[in-house]
Structure formats: structure tokens, C-alpha cells
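**Student:** Letter by letter, the chains look like this.
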Amino acid sequence: GENVEQHPSTLSVQEGDSAVIKCTYSDSASNYFPWYKQELGKRPQLIIDIRSNVGEKKDQRIAVTLNKTAKHFSLHITETQPEDSAVYFCAASGSGGSNYKLTFGKGTLLTVNP
Amino acid sequence: GAVVSQHPSWVICKSGTSVKIECRSLDFQATTMFWYRQFPKQSLMLMATSNEGSKATYEQGVEKDKFLINHASLTLSTLTVTSAHPEDSSFYICSASFSGSFYHNEQFFGPGTRLTVL
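For the protein sequence lines, the chains are A and B, in the order given. The opening position of the first sequence corresponds to residue 1 in our numbering, with each subsequent residue numbered one higher. The opening position of the second sequence corresponds to residue 1 in our numbering, with each subsequent residue numbered one higher.
One chain only, chain B, in its complex shape (with noise of 0.2 Å):
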């Protein structure tokens, strides 16, 4: 149980573009996403955190007019990376969580999207 989708696994774009990556989850409703970052040989940096149906909050120095955030549903939340430039080029990783007596705190990572900007 307790299973997180992204989509795509990875996207090639050119620089200037937007790019909408997907996170679900499967078999349970996610009261709360993650959306993380990771540059390669570096930890993960959280971007922001979204509640169904309430904005994102954004953790300091990220944009959020450029990392735009939907969490239109309690299986469903979407990262778009508006105007994509090279530097935009990482592993983004989605987790979800959900409130329970037992996995609280607990998060279910999905399977992180590559995104590359050239």
C-alpha cells in the first residue's frame, strides 16, 4: 500500500518552455504533498508543501510564480516549472502523507521526474 506515481519519469525541453509534471496517489488520499528537489550528489531540498484544495507554501528562495503548485485533489497535485532554463535541469521528487495514528509523519516518495533544459 501506500503507493506514489509521477509522470513523466523523465522530459527534454527547450529552454523557455513550461513543463507539468504529475504526482498521484494510488491506493489512498494524500492529505498532504512534497515537492522536492535534487541536484546530482546533493540531498533533497524541499520546494513547498500543498494541502488539497489551499495554496502551496514555498520553502525561502523558491519562486513561486515560477514553480507553480495544484493540488486540486486529495490523489492528485501537479509542479509546473513555467520558463524552464538550464539551470532548472534536476530530479524532482513528489511525496505524499497522509493523517493517521500510525504513519503519522510518515511520507511515500513517487519515483522522481528528470528534467533536462536545454
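If we strip away everything but chain A, and leave its shape as in the complex, we get (with noise of 0.2 Å):
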């Protein structure tokens, strides 16, 4: 099945910074690539996406990059606020028929100082 591997585990930055989070998966037959934050106690909060036939995507001060060669996707935050502070989790859908099951990285911990 699907592996995906998250990195860093833990992420501190100052506010005004930017932040990377890179993550890699094993099954070339992906093709969508969620990001989400959570806050503690709350549901995951999906806050961009990417799908296999795309590069790059931006919103805002968030953008998402896709290498499908390299099998890794990565979360770019610009401007870091303490707002940003939560913990992020990448995913990979898997191929499995009409499923579309998710696999999730271990998550980031990101915390942004003031």
C-alpha cells in the first residue's frame, strides 16, 4: 500500500519567516495530494491541494509543489503568523478502485515565535 513520509516532525520559526515541509510517497499511481492543519482537539482543516496533472498551486501566503518523478510534494508558508502555529499533515490518495482512501504523513508540528 501507500507510504508516505513526512519531515520535519517539528518546525520552529520566527514570525515573517517562511516555512517548509516536505513529504514523499511510494505509490506512483497518487493523484491528489491534500494538505491539512489541525489544531489541537479539532478536525483536520484542508488548506490546499494539489492533483497529479499540476506542478504547483498558490493561495495566498500558502503554495503546494508536486514532483512526480522525485514521488515528493512539498507545503510552502510565506510571512509566517503565530496564527500559523498547529500541526500540518500531507497526504497521498491511493489507487484502490473508487475508494480514494487517504494515507497521512506523521504530521509537523510548526510553531511560529512572535
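No wet-lab data here; the hints were simulated from the structure. Only a predicted model underlies this, so the values are computations on that prediction, with no experimental measurement involved. Please note that the accuracy of each hint is not assured.
Once the Cα atoms are required to be at most 20 Å apart in a straight line, the calculated EDC-like pairs of lysine to aspartate or glutamate come out as [to be verified]:
#1 A:K42 / B:D65
#2 B:K41 / A:D84
#3 B:K41 / A:E39
#4 A:K37 / B:E106
Got two chains here, each in a separate frame; can you build the complex from them with the hints?
**Tutor:** Next up, the structure:
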């Protein structure tokens, strides 16, 4: 099955700096790569996603890049703010029929220091 | 749009009892629902996938007789934790998806249910 590796596990940055989180996946048939932000005790919140027919996608301060050949994708947050502090998960959609199940990375605890 | 609710938001029960958690898609028909378990400071682990009207597909290592899943309609799935024990204490999250050219693959998450077994 799909295996998703995520690095780093913790990331501390100063307010205004950029943050980058990287993920690799194993199943070359995966075609959907979402990123989620999860605050303590809350549901995962989709912040951006990318599909395999696109190499890069940007939404204001957040961008995601995808390298299908290398099977890795990255989340870039610019001009970080304290409210960006949370756990971020990457995921990849499996190729199993119509179920489209997601395999998650282990998460990155991002701390933005004021 | 694409709102998913869960009930209850939290539950405390005694060891040996059963607990039912409901997951509803409020404004769309969910062709597939997923159940996840998340232990503190860990990632979401998929427990099972269910399609309306058919038996759930469980992930390896998940006991189907302990975690009963029913997906009786396109808007409701239930997870019953039978004979719960303290090690079943966790955050249970459901998600739902529907077939569609634009939302292909996307899952919409419920708010989660915190289960504590004493």
C-alpha cells in the first residue's frame, strides 16, 4: 500500500519567516495530495491540495509543489504568523478503485514565535 | 457546502460497554465514508472505508467484530465500539466523499468524537 513520509516532525520559525514541510510517497499511481492543518482537539482542515496533473499551486501565503518523478511534494508557508502554529499533515490518495482512501504523513508541529 | 457532523462530540463510558458514534453528511450525499482513529500526538490512522449499502472494508489490524460500521444511507454512517476498553480511548474522526468531477478524491471531515473509556 501507500506509504507517506513527512519531515520535519517539528519546525520552529520566527514570525515573518517562511516554513517548508516536505513529504514523499511511494505509490506512483497516487494522484491527489492534500495538506491539512489541525489544531488541538479539532478536525483536520484542508488548506491546499494538488493533483498530479499540476506541478505547483498557490493560495495567498500558501503554496504546494509536486514532483511526480521524484514522488515528493512540499508545503510552503510565507510570512508566517503566530496563528499558523498547528500540526500540519500531508496525505496522498491511494489508487484503490473508487474508495480514494488517504494515507497521512506523521505530521509536523509548526510553532511560529512572535 | 460539504458539511459533515459527528455525534457525540465526546463520550465517557465504563469498560465493557458499547459506544455508538454517528457521522452525517448534512448537505450532500456521501458515496463513501471513512473512519479514522487518532491517538494523542499521532497521525490519523484509517480504520475502515464504507460505501452505502455494502460491508465496510477494514484496514489491516483493525478488528471488524470490535468496530462495527454501518452505512445504511447516503448521509449516515455509524461506528460502534463494542466492549470498549481503556486502550480504545482515542479521538475518532469520520470523513465523507462523493463522486464528482471536481471533488474527485476530496474528503470532508467531521469534527471528531473524543472517547474515554474508564
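**Student:** Would you mind marking each hint as holding or not holding in the structure?
**Tutor:** Hints and how they fare:
1. For the hint pairing A:K42 with B:D65, the CA-to-CA distance comes to about 28 Å; that exceeds 20 Å, so the pair is violated.
2. The straight-line distance between the Cα atoms of B:K41 and A:D84 is roughly 18 Å, inside the 20 Å bound, and the hint therefore holds.
3. As the CA atoms of B:K41 and A:E39 are separated by approximately 11 Å, the hinted pair is consistent with the 20 Å bound.
4. Taking the CA atoms of A:K37 and B:E106, the gap is near 15 Å; set against the 20 Å cutoff, the hint holds.
The structure shown violates just one earlier hint, number 1.
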